[in-house]
Each structure stands twice: as C-alpha cells, then as structure tokens.
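Visitor: Make the complex out of the two chains shown on their own, each in a separate frame, by following the hints.
First to last, the protein sequences are chains P and U. Add 113 to the 1-based position in the first sequence for the numbering used here, that's all there is to it. Add 848 to the 1-based position in the second sequence for the numbering used here, that's all there is to it.
Bear in mind the hints are in silico, worked out from the structure with no lab data behind them. No false leads were mixed into what you were given.
In silico DSS-like links for lysine-lysine, alpha-carbon gap of 25 Å or less:
(1) U:K1088 <-> P:K398
(2) U:K1089 <-> P:K394
(3) P:K205 <-> P:K394
(4) P:K142 <-> U:K968
(5) P:K398 <-> P:K198
(6) U:K1130 <-> P:K237
(7) P:K398 <-> P:K167
(8) P:K131 <-> P:K142
(9) P:K135 <-> U:K968
(10) P:K237 <-> U:K878
(11) P:K131 <-> U:K968
(12) P:K394 <-> P:K198
(13) P:K394 <-> P:K167
(14) P:K394 <-> U:K1088
(15) P:K398 <-> P:K205
(16) P:K398 <-> U:K1089
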Amino acid sequence: MAATRQRLGIQPLLRDQKRTDKLREEINKYLTVGLLVLPGMLIFVLFVLIPIFKAAQYSLYEWRGFGELTNYIGLDNYDRLFHQKIFRSALKHSFLITFLSVGVQLPIALSLALLVGRGTLRGKSIFRTILFVPYVFSEVITAIIWSYVLHPSPNGLANLVFGKLIPGFEPQTWLASPGQNTVMYSVFAVLTWKYFGFHMIIYMAGLQGVSRDLEDAARVDGANEMNVLRFITLPSLASTLRLTVFLSVLGSFQQFAVVWILTREGSPANANHIISTYLYKFGIKTFYLGYGSAIAITLFLITLVFSLGYQRMAMQKDYSKS
Amino acid sequence: MEIGKESFIKQRAHRPMKLLSERTIIQGTKYVVLILICIIIFAPVATAVLGSIRTTGEFLARPFGLPTKGIQWENYTSILESNSFWRSARNSLIITVGVAVLNVVLSSSLAFAFSRIEFKGRELLFNILSLGILFPLGIATLPIFLQIRSLNLLDSFWGVILPLAAFSLPLNVIVLRTFFGAIPDELEDAANLDGCNRISFFARIILPLARPALATVATLSVITAWNDYFLSLLVLVDEKKWPLPLGIMQYQGQYGTDWAKIMAYVTLLIIPAIGFYLLTEKYIVTGLTGGELKG
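Looking at chain U on its own, in the form it has when it is part of the complex (with noise of 0.2 Å):
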C-alpha cells in the first residue's frame, strides 16, 4: 500500500515533463488535423474564386491556378451590367427583409402575449405553436402551394413570404419567450406605476432590453429566406420575379459549360454571404446554441 503510494507520488513528480512532450505532440497534431479540414472546406470556395478570374479553357485544365491570360473581369462584367441580375438581387432582398421584419415583429409580439400576459387559452395556443417546430419547411412544400394557389397568390412575394415567416414563427417564439419571461417583474410594476400601459411597456420596454434577441431571429431569417430555393421554385412562375438563387440556376442553364463565368456568379453570391456572416456571427452562434456559447 505503502508502496503504492510512493511509486504513485513518484510517478506524478515525472508527469509535469512527460506531459510538456506529450501535450506538444497532441497540440501539434490537433493543428495538422484541424488545417487539413479546414484546407477541405476551403478547396472547393477556392476554386470558384480562382475559376472567375481565369478564362474557362484555363478553368477546366487546372482546378488550382492562377491567371495567366490576365485577370477575367469580363466574366464579371458581363454579368453586373444584365439587368436580370440586378433584378434577381432586388427580388432577394424584398423576401429577405419581408421576412425578417414580419418574424420579428409577430414573434415579438407573440412572445410577449405568451410570456408577460394571462389570458385564457393562452397555454393551448402556444402549444398548438410549438408543435409547428416538428414540420419544418421542406416537408410541407406541397401542401402550401396549394395553399398559395388557392389564395391567389402565385408569382407574389407575398407567396414567398408569409410561408417562410410562418415556418420560422414556433422556434422564434420559443426563444423569445424564454427571454422575455427573464426580465423581472419589478421592471413591469415600476412602468406601470409611470403609467405605462401593456403595450407601451413592451414597445418601450422590453423591445429595447431585447435588442440582441431580436437581432438573432433577424439574422436566422435573413439567412434562411436569402437562400431559399424550394418555395420560390413552386410559387415564383414569372422570371421576373426570380431572386438569386434561381437567377443562377437560369444563368447556368444558359451558359451551360461557361464554367468562368458561373463561378462569377457563384463568387458575386459567395462574397455577401461570408461579409454577411463575419459581421453576424455572434448572433448566428447565439441564435443556434440558445447562447450558451461565447467568445
């Protein structure tokens, strides 16, 4: 027993200098590893770079490569001077900020009635709401269509839309809520006592405290209704209407093998997108971890 211990305590006197060796090895092969993905996940971004600067002929006889006719700028060009592309742009963004300001606005408002208001029904209605958490969009293309048909409104944003916010409504109310029931109640009795009214409190009140919330659900919807694809395909008829994730698909129907100048586009959409997420990311990060994680 005795020994034991000894040979033990001997051990870990050793164990500081055999650990320096052991933990550089581990360090240095979590880098090796962790370079070599990221090299994967980076490869194929690089090549579409690369790719819409060089002519297409270079394109496809080297992945890899820099230009060696001069940059390419016209697979650019031609793309930023057709209107279609501009248009397309302009249909993004409508969805997009359509979206975003409708989640925000009704899971705001939903949240608040849920977290700070008693009424009657109050429970079954956010239940019926949480259940919308186990359909998501995909699974129910169909059926909206018909839906959107039957309503009247093919080839309108409004088709687009309200199906994108209604799907993302469940699991923002989810979020939201838990964040508003947090702010203590002695912060209601004070506004009350200024003569605050309900509404006046939260458009005052909590709006404001829950500003980062708020810019999470703005920032997952932006992402999810700039990249839909499925629900414009179904709902959006008239190409005018297009936004960009179907502006490229007709591009590269067009320019079918012109690989340069759809890895143009693919760049032109690739750059906003990492802007996009490099300025958000702590809200995106937040958004998907319920804030758990930081730094």
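The shape of chain P in the complex, shown without the other chains (with noise of 0.2 Å):
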C-alpha cells in the first residue's frame, strides 16, 4: 500500500500540503503577531529607550542644541557638574526628599493603614476615601493651593493654625526662609499631603493578606501588641513593604512640579533646587543641551544603580515566590 503511495508520488504531495499549511500558519501567526507587537515596541523603543541613549552621548559634547556634535569634551559636562555648588546642594535636597519619603512618609502611611485598613471601625471606606483624594489632585495644584496655605503673612493658613495652637508663635516664611533646609521640610510637608495616601492603599491591600489567626494567637501567648506588630505583622508585609519603599525612593526622585512651583523656581538665590528643577532651569531653559544631558544621566544613573541594587538584593525575593 504505501509502496503503491510512494510510487504513485502521492506521499511526498501530501508532505508538501503538510509542510506549506505549517508555513502558511507561521507566517499568518507572525503576522499577527507583528500587528500586535510591532505599534507598542516601537513607541516604547522611540520615546524611552533612544532617548536615554542619546542623551548619554549628547552629555560628552558642549552643545547648544542647535547644529552637529562637534566640541567633543569627554567627561567636562560631569566634572563642570560636580563642582557646582547649586548643583550639589540640588543633589543633597534630592535625597534629604528621599530619605524623608522613607523614613517618615511610609510610616504614617502604614499607621494609618494599621488604623483604617483593620478592624470593624465604622465609616472605613469613607476615611480611606478623604485620605486618598489628594493623591488625584495635579500637582500644579497642589502646589498652588499649598503656596497659600504657607504664606508667609500671619493669615497665611499654616501662620494662623500654628499662631493660634502655639502661644508665641512668629509667623515663618515657610518657602524662602534662608534657614537649613526649612524650605525642603516644608515641600516635604506638602509632598506628604499629595502621597501619603497613595502608600496607605498599598499597604492595605496587603493587610489583607497578613493572618489574623496567627496575631490572635500571638496574643494568647501573652505578646502585647507591640510585639505582635513587630514579629507578625510587619514580617508578614515585608513585600508589600518593600515595594512601597521602592516606589517611594522612584518617586522622589522624579518629583518636579511641586518644588518648581512653591520654591518660584528654586529661590531665593537658587538656594532650592532638587536634581529636576536644577536640570529645567540650568540645562534646559538656557539651551545648554550637553550640560543638560549630563545631569539628566547623572539622575538616571542614581535610580538606576538604585533599582537594579534593590531589585537583586531586596525584591529578588519577592519576584521567585509569584
């Protein structure tokens, strides 16, 4: 029979029937997948990752933006960079923000997740509603609400709380007081108000996921509830945690808007910049396009290293368990 088939030439027919249909479904699979791959790659390539790219080149020649690359002059950008002292204390503003937004920001946003994401309390999702709003708000305005609210005359919102709970009190220039740092703490203040609910969301979802059994029976053993925060609770969040961290450290870094408007463009005397607002105004705004691309390389670098730190030495854990 299949001798008959073969001498006839109708295996070898059939083979190529076969072998064409798997081409023609290959090709038809290819295609579509091109269809659907092909639109959303090439935005993302185009806009996110030529971008980064060329900007590492552009930050090793002086350019003005206009023109070709000609004045190669290897590292000056970042050297000029790092010897300027607006630029440091930018620098330094950029991760006081940051370690603020870990170390202060993240605990009242897990306070207050502790608080309204627990328990039988009454009127929980309305609370979580009111603390969440601001976390809508554009930050242009939250910045021009909050330059009220700071003003410096004693009507100003925060001057006329703190004049009447603190008896005393001396009406603060509270975004251009020459003072350490006051301005930042201040813009943090604000930052704070914006973000904090965006956190404790996050860590009421994962509250869900932490066992109450086990807490009730921590209890029994006679842990108070401190303990039971500290060796049930909190270990039992250690992603969500982790993650919070991350996105908090992420967002600092890339915070423009709120800072640009309430400092009125880092004043006085160019005394508030964070790394953003130092780019816009110096890089950006002066058309010194080389310069500019070093310090936007030099922020990319930082969350960067930060990221992929982070990610292989606290959220590798997190990726192998899902």
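Guide: Shown next as structure tokens:
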C-alpha cells in the first residue's frame, strides 16, 4: 500500500501540502504577532530607549542644542556639574526628600493603614476615600493651594493655625526661609499631604493578606500589641514594605512640579533646587543641552543603580515567590 | 503549674468586661486621630473653595470664613467667559483621550501577544519592555524633549501623547498579561473550534472578559495625562496648545495677587477631579493594589 502510494508520488505531495500548511500557519502567526507587538514596541523604543542612549552621547559634548555635535569634551560636563555648588545642594535636597519620604512618609502611611485598614471601624471606606483624595489632584493644583496655605503673612493658613495653637508663635516664611533646609521640609510636608494616601492604599491591600489567626495566637500566648506588630504583622507585610520603599524612592527622584512652583523656580538665590528643577533651569531653559544631558544621565544613573541594586538585593524574593 | 493555669482561666473570664471598655477607648482614639487627619487633609481644599466665592480681601483677612459681601460669582464667570480656559480644557481633553485610547489599545495588544501566543523572542521583548518600569517619565524628560525635537513633534499634541503612553506601557502590559494569562485555555480551544482565529478570539472574547482590567488601565492613564505638567511645559511652546495645568500657571502669572480668582480656577479643576475619583475609585484602587484590596 505504502509502496504503491510512494510510487504514485502521493506521499511527497501530501507532505508538501502539510509543509505549506504549516508554513502558512507560521506566517499567519508572525503576521498577527507583528501587528500586535510592533506598534507598542516601536513607541517604547522611540520614546523610552533611544532618548536615554542619545542623552548619554550628548552629555559628552559641549552643545547648545543646534547644529552638529562637534565639540567633544569627554567627561567635562560631569566634572563641571559636580563642582557646581548649586547642583551639589540640589543633589543633597533630592536625597533629603527621598530619605524623609522613606523614613517619615511611609511610617505615617503604614500607621494610618493599620488604623483604617483593619478591625471593625465604622465608616472605614469613607476615611479611606478622604485620605486618598489628594492623590488625584494634579501637582500644579497642589502647589498652588499650598503656596497659599504656606503664605508668609500672619493670615496664611499655616501661620494662623500655628499661631492659635502655639502661644508666642512667630509667622514663618515657610517657602523662602534662609535657614537650614526649612524650605525643603515645607516642600516635604506638601509632598506627604499629596502622596501618603497612595502608600496607605498599598499597605491596606497588603494587610488583607496578613493572617489574623496568627496574630490572635500570639496574643493568647501573651504577646503585647507592640510585639504582635513587630514579630507578626510587619514580617507578613515584608514584600509590600519593600515595594513601597521602591516606589517611594523612584517617586522622590522624579518630583518636579510641586518643588518648582512652591519654591518659585528654586528661589531664593537658587538655594532650593532638587535635581530635576536644577536640570530644567540650568540645562533646558538656558539651552546648554550637553550640560543638561549630563544632569539627566546623572539622575538616570542614580535611579538605575538604586533600581537594579534594590531589585537584586531586596525584591528578588518577591519575584521568585510569584 | 495548676495555679498558673487557673489564674489564666480567671484572667480570661474577666477579660470580656475589661476588653469592652478598652475597646471603646481604642476605637474612640482611632476616630479622634482619623478625624484630625481628615481635617488636615481637607483644610487646604476647603480654604481654596471658600476663597473662590469671596473677595480677595476677605480671603486674605480670614482664610476660613463664609462670604460676608455676598457670593462673588464674578471670580468664576470671568474664567468661564474667557476663551483661554475652554481652549486649555479642550487641549487637556485631547491629550487625555489620546493617552487613554493609545494605552488601552497598545498595552492590551502587547499583553495578548506576550501571554497567549508562543513566538520566538517573546521573553526577550517582554524583558526589554519590563525594564521600562525602572525609569519613570520624570527622570527622562530632557532626553525625551530632545527626541521629540528631532522627530519634529514640538508643539504637537503627539509630542505629549506618545511619550506619556510609552512610559506607562510597561506597567500596564505587566498587569494585563497576568490577567490575560489567567483566562483558561479551554476557552481558546472552544473558540478555535467555532472558527475564531487569533485576532477575533482577542477582540471578541478576551477583551470583553478583561473589561475591568482595561478600565483600570484607562483610569490610571486619564489621571496621569490630565495632570501632566512637566512634559507639556517642555513640548508645547505655543500657548494655544497649553493644557489646564499650564493654563492655570499662566492665569496665576497674570493675576498674581488676586487670590480669589486663582482659587476659583483651582476649584474649577478640583471639582471634576473629585467627581472622576468618586466614580472610578474602584478601578484606581484595583490598579494600584493589583486587585488585592476590595470594598
């Protein structure tokens, strides 16, 4: 039978048919894949990947933004950058904001999540809704409202409230005080107002995964509330905590609008910049784009080193688990 | 040992009474703390709204307080009658709709290919895209600005829409991929038997099933795009193209000390934001928490 078929040439024909079918199916599949994947990947490559590589290149040139790149100066832009007093203070401020966000804002968010997120508190969802509202306001709105709240006149809301609460309180110039980092602390308070709700929501989600039985068991064994929190609740929240630290650090480094508007472009005397506002004022507005690129790449490298290091060291466990 | 146990039982027996009072105290303290914090959160918003219906003089004299000289509707009408406000609102709408549509279309197509079609280079492409999650938009603004300029997209809405969409793709694709991946294979086999090819399976079965996830992607893109300031500031030079965040900054520049007018503008932007938030809270919360938080 088989021999006859082979003699008649049917088998190869069938096989060819099968092969072309399979080929057609493959072509079809890759056409579909192309259709689905190409537009998105194209935009991603064009607007995320290429710009970063290009900026790395520009940062090695003295370039005012027009014409060919001719004046190669190696790492001079970076050298100049790190000798700039204003940049060094901007760098310091960015780290200060980051440090405060992780060290102060996250604990506040966590405490509130513990308060609102668990137990039989009536009106829980209303509190959650209110506490989260500032997150949906734009940074510009936030900054404008707060520039009034922190108005230096005795009738500015902050001065008024503190004046009533604290006897002998002197009205403060919250946003222009020459003192050590006062302006940055004010800015940080505003950022906390806007963003703690975001972290609180993430903690509340995490808390739902914490076993109440385990906590009760510990209580029966005589653990007090502090110990339950420290040895049961927080360890169970570890992966959520790691995630919020990551988001908080990245978020702090990309702040711009709130700081830019509240400090009125870094004033007084450019003493109140963070990296992004420094970049905008001295790299973009002045069209020193080679220099600006060096600032952008520095910012980029800081976040890259943090992201990769943090993912490798802290968040690895979370990935392997899922 | 025996005694210890007995006293333990005794203690337990007494506990309900004690617990009740302790619980009321704890609950009470919780409420006091929460209400205080809600006041702190809301006070700035309340001053803005109260400021917008009074004269600047009243506003500066007493940040909190009801209007004594009648409600100052002119603060609002002067904004609502200006062309620039409506132009900015329209520009914001164009950018927002553009980003949301692009985000939903592109991220769902990518997520579908990455989750339900086996092809060469799939993991590599997905990993490259996932790297994007490490670089938020705010960090790459200058590089994007230069790229937009070399693509001749300065002063074009595309120059804002495309980067905003590109930077939110990674997270959206990761979220949707998990969602699509969880849809059972049997469904796809059944669809194949009924003569569905891949695209129609995607369009007619996956997308309707994924509606909540897509709504989340759309909602979060709307918030990002509507609130964007930095990118528009760099890309849109012509003030006729400015969206609301730039519009209000310009307005503030013009009316520097006329706080009542500025607060009216602020209020006009706050109200839709709160309305939108109340309508979509569910999606925002699922989006930020990966669906873990309910109710």
